[in-house]
Structure formats: structure tokens, C-alpha cells
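Q: Here our numbering is used: the first residue of the sequence shown is 1, the next is one more, and so on.
FYI, nobody ran anything at the bench for these hints, they're computed from the structure. Treat the hints with care, since some could be wrong.
[Said to hold, decoys possible] Pairs of lysine-lysine residues, derived as BS3-like cross-links and limited to a Cα-Cα distance of at most 30 Å, are as follows:
1. Lys95 with Lys85
2. Lys11 with Lys95
3. Lys90 with Lys2
4. Lys128 with Lys90
5. Lys204 with Lys85
[To be verified] Label-pair distances were calculated between CB atoms; the ranges are:
6. Ser177 with Asn149: 32 to 38 Å
7. Phe126 with Gly192: 20 to 26 Å
8. Glu28 with Phe126: 23 to 29 Å
9. Cys143 with Arg5: 25 to 31 Å
10. Ala121 with Met1: 21 to 27 Å
11. Ala42 with Arg72: 25 to 31 Å
Note that the Cβ used here is the ideal one computed from N, Cα and C, for glycine as well.
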Amino acid sequence: MKLQRIAEQAKNYPAMVFNNVFHLIDREFLLEAYHQTQKSSAPGMDQVTAKQYAEHLDENLRDLHERLRDNRYVAPPVERVWIEKEGGKKRPIGKPCFEDKIVQRAVVMILEAIFEQDFHAFSHGFRKGHSPHQALHELREQCRTLHINWIVDADVSGFFDNLDWSHLREFIQQRVSDGGILRLIGKWLHAGVLEAGALMHPDKGTPQGGVVTLPTKLPTSW
Numbered sequence: 001m002k003l004q005r006i007a008e009q010a011k012n013y014p015a016m017v018f019n020n021v022f023h024l025i026d027r028e029f030l031l032e033a034y035h036q037t038q039k040s041s042a043p044g045m046d047q048v049t050a051k052q053y054a055e056h057l058d059e060n061l062r063d064l065h066e067r068l069r070d071n072r073y074v075a076p077p078v079e080r081v082w083i084e085k086e087g088g089k090k091r092p093i094g095k096p097c098f099e100d101k102i103v104q105r106a107v108v109m110i111l112e113a114i115f116e117q118d119f120h121a122f123s124h125g126f127r128k129g130h131s132p133h134q135a136l137h138e139l140r141e142q143c144r145t146l147h148i149n150w151i152v153d154a155d156v157s158g159f160f161d162n163l164d165w166s167h168l169r170e171f172i173q174q175r176v177s178d179g180g181i182l183r184l185i186g187k188w189l190h191a192g193v194l195e196a197g198a199l200m201h202p203d204k205g206t207p208q209g210g211v212v213t214l215p216t217k218l219p220t221s222w
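Between the sequences and the hints, there should be enough to build the whole structure, so can you do that?
A: Okay, here's the thing in C-alpha cells:
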């Protein structure tokens, strides 16, 4: 119901900037975020699995909420691994710690309720209730009805690796100015990347594979 009210406000008032949503992340909200967090992924740098975290779930979520409420939450570095791609190339994937995934999921739930209202109907990427099959169907229908014979497919090379943080913050603050949410996002951006035992602190980009890989959660219509 909390998210539904936010979504309705965002839809009815497209120029509205939300400045008081961080308080929604209470223990009940974190529990829902936990249920929506994938449990089968490999653990992050702390090696805590979803099963281990669940053994003391109430205690862990209570402590997590207190740290978030008191601004004592520390975003851990994201472990980076490389997976093979077609053509012999490799793709970097981030492995956040499980508890951090819960916090990320909680923030994503709020951001999605707000920004979902700003997407165009033809945008299907990373949206609930949308799929690549829908995108392909719509593309096929557009080609058929508009007699399109050519399609140009373009991709941004290294987008996630080179994302400008200042631009990212500007996009987010068009709809969300809540200090608690912005601080968490800042902590994730500055948490660092752990690769082969070495901790690095890049000044741009965002790890792929995390729950709150932010560019995928914002309207592509921008």
C-alpha cells in the first residue's frame, strides 16, 4: 500500500519531487525486500550466503534497520568477476554481499514505484510485467504496419564502466531528493570494487549484476 500510494502520486503529479520516502524502509519493508531478493546467487566478499543470513533473519533485519535509521550502514565493496562473452571478450559482473542486496532491493522498490510512471509504453527493458518477447513483438508489428525494411541496432560501448556519477545524480534528483536515499546511492558508488584481492575506488561507472545497477532502473525515455 505504501508503494501504491507513492506510485499514484508520481503518476498524478509528474513534476513532483519526492523528499520524504527513506522512512518507508522499516523492518517490515526490509522483510519484503528480503523476500524479493534472489537467494541462489553466489555470496559476496563476506561469504555470507542467503541461507546463513536467514538463520537469524529477525535479528539481522532488526540490526540492519537500526544501522540504516542511524546512518551507520556501511556499503561493502562489490566483488568483481569476469564471464565469457561471444567473440572471446569478457564481461565484468559484480557480486554484492547478500545483506547489501536487501538494502538495494528496498531502494529499488521505492525508485521503481516513482520512475515507472515516467516510462514510455514502448520501453520494455528491466520493467516488471515486461519482457524481451514483448519488445520483439512490438518491433515486428511496427515493421509490418509501417513497412519498415531497415533496422539499425546500436549499443553504447562500456556504458556501465563509464557512467558519469554527476549525470546519474542529476537524473535521480529530478524525481527523488530524499537525503537518506541519496546517501545510500552515494555509499554504493563509493564502496569500491574488489578484484583479485585488490580494492579499487573508481570515480565513474557502476557494477553490473547488482540489484540496484542504477541506470537500468531509470527511464530510458530520458
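Q: Hint numbers the structure violates, sorted upward?
A: 2, 3, 6 and 9
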